[in-house]
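Protein sequence lines correspond, in order, to chains P and S.
Take 1 as the starting number for the first sequence in the numbering used here and just add one per residue.
Take 1 as the starting number for the second sequence in the numbering used here and just add one per residue.
Since the hints were derived computationally from the structure, they do not count as laboratory data.
Treat the hints loosely; a few may be bogus.
[Unchecked claim] To give a feel for the contact side, a few chain S residues facing chain P, derived at Cβ under 10 Å:
id : residue
1  : A53
2  : L54
3  : R70
4  : L72
5  : L73
6  : G134
7  : A165
8  : M167
9  : V172
10 : M240
11 : S246
12 : A251
13 : A261
14 : R262
[Claimed, not checked] Label pairs and their computed distance ranges (CB to CB):
id : chain 1 : residue 1 : chain 2 : residue 2 : range
15 : P       : R198      : S       : E199      : 24 to 34 Å
16 : P       : R198      : S       : R71       : 41 to 51 Å
17 : P       : L6        : S       : T112      : 49 to 59 Å
18 : S       : R71       : P       : S11       : 29 to 39 Å
19 : P       : V52       : S       : Q128      : 44 to 54 Å
[Claimed, not checked] On the chain S side, residues computed to face chain P include the following (Cβ under 10 Å):
id : residue
20 : A74
21 : P77
22 : L136
23 : R138
24 : A142
25 : Y205
26 : N248
Since we're looking at a predicted model, the values are computed, not measured.
Where a beta carbon is used, it is the ideal one built from N, C-alpha and C, also for glycine.
Below are the chains, spelled out letter by letter.
2 protein chains.
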Amino acid sequence: MSEPQLKALASRDNAFVKRLHALAHSARDRRKLDETVLDGAHLVESALAAGVALRALVVSESGLLREEHRRLLAAAPAEVPRYRLGDALFAHVSPVDSPAGLLATIAMPASTPSAPGDASLIVVDGVQDPGNLGSLLRTAAAAGIRHALLGEGCAQAWSPRALRAGMGAQFVVRIEEGCELLARLESYPGLCLATALREDAHPLYELDLRGPVAWLFGAEGQGLSPALLARADGCVIIPMTAGIESLNVAAAAAVCLFEQARQLRATGTIRGVNFPS
Amino acid sequence: MSEPQLKALASRDNAFVKRLHALAHSARDRRKLDETVLDGAHLVESALAAGVALRALVVSESGLLREEHRRLLAAAPAEVPRYRLGDALFAHVSPVDSPAGLLATIAMPASTPSAPGDASLIVVDGVQDPGNLGSLLRTAAAAGIRHALLGEGCAQAWSPRALRAGMGAQFVVRIEEGCELLARLESYPGLCLATALREDAHPLYELDLRGPVAWLFGAEGQGLSPALLARADGCVIIPMTAGIESLNVAAAAAVCLFEQARQLRATGTIRGVNFPS
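Just need the whole structure built from these sequences, with the hints factored in.
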């Protein structure tokens with residue numbers, strides 16, 4: 001197999017280098033160019049595995065020495081243009097402080113209307129930290145959730161930071177951004193459960209979670225909007241020790257979603273996904 | 001009750017302002033000055049509740065309008081010096097991008113040798129992201145864990161970012177930093193469990209976790225050091241759906257520690273902490 005051709009770029013003034021820099025550093029430019037950046041071999045591999053078309057592959061001089069980078073450069077379809085940058089220039093266009101030396105660009109994925117049917121899903125209201133949002137998606141994916149509805153106030157699911165925290169979850173979970181959450185939940189047939197500190201909340205471990213659940217997660221600080229809280233069939237609390245009254249939203253999601261997965265496993269109920277045993 | 005005196009500061013050249021800026025922005029300066037910064041009302045309140053002595057309280061002009069800030073300014077001991085800064089100058093000395101308008105300085109807490117005895121604890125090996133470390137401590141505190149051993153390669157537990165993610169957990173969990181982890185575990189009487197993807201790992205939900213457990217968490221990417229893995233009595237995996245093979249370390253900790261808490265609650269076993277019911 002012949003080595004794929006790498007086009008060498010050496011200047012910050014090059015139009016493509018400028019474009020990469022803008023994509024890495026500006027949410028507005030990502031929207032305008034309708035494109036985003038995948039940083040590192042893991043995300044590039046996840047995209048290829050999910051059949052997502054790469055627009056370009058970019059490797060640094062020292063990144064070229066890594067076996068996994070060379071493998072991905074060889075594995076990507078032949079028509080994907082490949083670029084080679086010196087380490088300093090690569091650092092200039094990378095969205096992270098310590099770049100590993102490989103990145104790819106992809107078209108900004110469309111926000112596809114999610115049709116969860118009677119599957120469980122997460123409903124995210126106003127989580128503004130891209131790291132928290134990415135971690136939430138990663139946890140949901142690992143727990144077997146395949147649908148996410150994100151409300152207006154949420155961070156961009158496809159920003160480099162959210163992608164990095166998601167570690168490929170964005171390619172596994174069907175994500176609908178900018179949702180009218182209330183309207184989307186109107187005909188949902190399962191339980192709508194809000195994670196909220198309320199007098200009438202049910203301890204997580206006392207609930208039967210084996211049916212479909214729409215898990216509502218709100219922003220840290222504000223919590224869920226009153227309208228969503230009103231829509232919920234009930235509130236859940238995670239029993240905690242005195243002195244610490246709340247968890248980070250991604251940690252709370254991990255506890256809730258894996259308790260549901262535990263209950264499903266314990267009864268042999270599998271909702272369309274395979275648990276490796 | 002008379003309003004506490006606020007000393008107005010207006011220049012970046014003021015020595016105390018320079019000191020605040022250094023504390024907020026440089027790990028080296030925090031070590032050199034042996035001091036750290038608590039940003040926001042929640043952390044200041046947690047410190048006061050834990051009996052930690054504040055060295056100074058700093059409020060911004062707009063922060064002064066907030067009821068909870070005025071309450072904390074009034075509640076802190078009279079001898080704590082209080083400063084008032086214009087919003088722009090406050091933003092200059094704040095460790096966060098969107099400052100709420102209140103901060104405090106405290107002496108860098110000493111790394112106190114932790115004596116977990118037969119209590120459960122977390123053992124953290126090389127988690128370099130301060131947000132992950134803080135979230136891990138917060139989750140541990142909420143799950144009833146009161147001891148944390150942090151190895152050499154970990155992020156600073158008392159940096160502003162780790163404090164922010166910890167949301168007061170640093171004042172509840174006894175933290176020993178810079179530990180010789182292997183030596184500290186030598187006489188531990190409970191189970192040492194490593195969270196690691198290994199052939200011989202036990203699914204989390206099949207383990208009896210009602211006794212004391214030392215939970216070993218490693219860096220993302222590298223995982224646990226071989227010596228710690230060798231010390232573990234066993235490896236645990238969290239059963240996940242195919243396609244996503246790992247969780248963020250803080251999310252993994254949330255699943256493990258709350259599964260232990262669930263088992264303890266289910267059997268009425270309480271390890272020295274009170275679960276509100």
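Original post:
How does the Cβ-Cβ distance of R198 of chain P and R71 of chain S compare with 41 to 51 Å: does it lie in that range?
Top reply: 24 Å, violated
Subject >> Interface hint for P77 of chain S, Cβ within 10 Å of any Cβ on chain P >> reply: Given a least distance of 22 Å, the restraint on P77 of chain S is violated.
Original post:
Are L54 of chain S and chain P close enough, Cβ to Cβ, to be under 10 Å, as the hint says?
Top reply: 19 Å, violated
**OP:** Grab the minimum C-beta distance from N248 of chain S to chain P and call the hint holds if it beats 10 Å, violated otherwise.
**Re:** Holds - the Cβ of N248 of chain S comes within 10 Å of chain P, reaching about 5 Å at its closest.
Subject >> A165 of chain S as chain P interface residue, shortest Cβ-Cβ below 10 Å >> reply: Cβ of A165 of chain S sits 7 Å from chain P, so the hint holds.
Original post:
Per the CB criterion, is M167 of chain S less than 10 Å away from chain P?
Top reply: 7 Å, holds
**OP:** State, for the Cβ atoms of V52 of chain P and Q128 of chain S, whether the hinted interval 44 to 54 Å holds or is violated.
**Re:** Roughly 29 Å apart at Cβ, these two residues miss the hinted range, so it is violated.
Original post:
Going by Cβ atoms only, is Y205 of chain S closer than 10 Å to chain P?
Top reply: Hint holds; Y205 of chain S Cβ to chain P Cβ min 5 Å, cut 10 Å.
Original post:
Is the interface hint for R70 of chain S satisfied, with its Cβ closer than 10 Å to some Cβ of chain P?
Top reply: 19 Å, violated
**OP:** Double-check A53 of chain S for me: the hint is only fine if its C-beta lies closer than 10 Å to a C-beta in chain P.
**Re:** Since the shortest Cβ distance to chain P is 19 Å, the answer is violated.
**OP:** Please verify that hint: A142 of chain S, Cβ, nearest Cβ of chain P, below 10 Å or not.
**Re:** Since the shortest Cβ distance to chain P is 4 Å, the answer is holds.
**OP:** With chain P as the partner, please determine if G134 of chain S meets the hint condition of a C-beta pair closer than 10 Å.
**Re:** G134 of chain S check passes; min Cβ-Cβ to chain P is 9 Å, inside 10 Å.
Violated hints for the displayed structure, listed by number in ascending order: 1, 2, 3, 4, 5, 15, 16, 18, 19, 20, 21.
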